[in-house]
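*Asks:* Given the sequences, and given the hints that come with them, work out the whole structure.
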Amino acid sequence: MILKGSIRFLIAAVLICLLLATTTRTASAQADPRQILAAVIQQLQTGTPNPTWYGGQLWQTIAIQTNNSGVYVQLAQLGMVTNVVVNGQTQLPAGPVYSMVAQHQGGVSTWLLGISLYTNRIEYANFNIGAVPQQLPPPPVQLPQTPAPTPGSAPNPPTNSRPAASGTSEACRKFPNLC
Amino acid sequence: MLTRRCCIASCGLLLFDLVGVKAAGSRHNPIYGCSLTTSEANNILGDKQGARSITGDEPMIPNSGDKDFDSALAQTLARISDCLNVTPSFAYYDDYDGPNAFASKKKRVAGTDGTVLFGQRFLKKLMTSPEAPDAAVAGVCAHEFGHILQYKLGLDNDLSEGQPTVKRVELNADFFAGYFAGVRKRESPKFNAAVIALTQFNSGDDMLKNPGHHGTPEERGKAIVKGYQTGYDDRKPLLDAIKIGVEYVAANF
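Line by line, the protein sequences give chains A and B.
Read in order, the letters of the first sequence correspond to residues 592 to 770 in this note's numbering.
Read in order, the letters of the second sequence correspond to residues 16 to 268 in this note's numbering.
To be clear, the hints were calculated from the coordinates, so they are not data collected in a lab.
Accuracy of the hints is not assured; some may be wrong.
Cross-link-like lysine-lysine pairs, in silico, DSBU-like; alpha carbons within 30 Å at most [to be verified]:
{"#": "1", "chain 1": "B", "residue 1": "Lys251", "chain 2": "A", "residue 2": "Lys765"}
{"#": "2", "chain 1": "B", "residue 1": "Lys139", "chain 2": "A", "residue 2": "Lys765"}
{"#": "3", "chain 1": "A", "residue 1": "Lys765", "chain 2": "B", "residue 2": "Lys140"}
{"#": "4", "chain 1": "B", "residue 1": "Lys258", "chain 2": "A", "residue 2": "Lys765"}
Reference listing, derived: stretches of chain B covered by chain A, where coverage requires no fewer than 3 residues with Cβ under 8 Å from a Cβ of chain A [said to hold, decoys possible]:
{"#": "5", "stretch": "89-96"}
{"#": "6", "stretch": "100-108"}
{"#": "7", "stretch": "180-191"}
Just so you know, these numbers come straight off a predicted model, no measurement behind them.
Each residue gets a CB set at the ideal place from its N, CA and C atoms; glycine is no exception.
*Replies:* And the structure:
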């Protein structure tokens, strides 16, 4: 009797775990990017983008670019994805960016997908219709006084930007308690 | 261009675990100019440019044209959003007739708390600031997000009731920008919080009787410092900070 109860509990626990794994799935950086891309394309072909997969800015950009339909017509016209190949990967402070090519029934689309380590969502996406793989962005240059990743820091500040040392800048002279 | 290409840059603005704050949905849609006044813009930017009437319907431009910058700003916006517990849509717009940034109650994107639009020219100008331009941009964004928080809670109406100018509302938004700076400073000691104070200080104006008066330089600087102390020294949670911020401007201005 106890054994039966244990087995039932075990089965229930496994089912719950499977259910949770299905319902809480996000665009995890640890998942296979090919599977993520295939799903993204399918979502953007059918107008069913999953809001838990995309960063807010990306989500609203999709909404703007598709006029709230969630469908990219050009992508839909390419047809179902038959294969995805990862051409490259680069690691940016915020997370990995993958360069991928998706083979469709009616053509090819090339992609860059950036998945944030902070949000575990797709925060950057760029696609072209065509066979030329997209170039990955170069790794950011480490700036002496602008440690990366520091939200609020621009990776490429203008050349006349002079990060001032604490305590010597105009801001620090005027507001010393904030330095 | 969209027929061949979809270019998207991003940030993590979607926050689903919002504190129990209630949107002031029944109120009208004011457009506060941070909405910088022309004077403010001139003070910051040194330009003599006219201001236009902001409608809140300006076309939204998703990208600045600099992917790396957009990516960095996206992270910052996500942090401000998290810190102040608001989820506005954010985009750039063409501030052709004068550098500006503003917050609006209008929900241009469904499911958001309002809209923040940052002028392309204003951004360009701030990014040429001699000291930590990225922090200056973050400060302006935090101020605008502070307005969104006010709209969400209805603070803007409470603060402006019977007031001849928008000063209380603006200084309260400065307080929230300072609060964000304090929280960020705790997380990252190198964060240049002083630049945020200096930026707002430089945005002060002396048009004391003008309805658009945002506060004198000293008042704006102090509001930032008060918010900073609340977030950094006192380590107050947001709900406490909201109360402190309202009491601060009501008692002092």
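*Asks:* With reference to the structure, classify each hint as holding or not holding.
*Replies:* Going down the list of hints, with the structure as the test:
no.	hint	verdict
1	B/Lys251 to A/Lys765	holds, 24 Å
2	B/Lys139 to A/Lys765	holds, 24 Å
3	A/Lys765 to B/Lys140	holds, 22 Å
4	B/Lys258 to A/Lys765	holds, 27 Å
5	89-96	holds (count 7)
6	100-108	holds (count 4)
7	180-191	violated (count 0)
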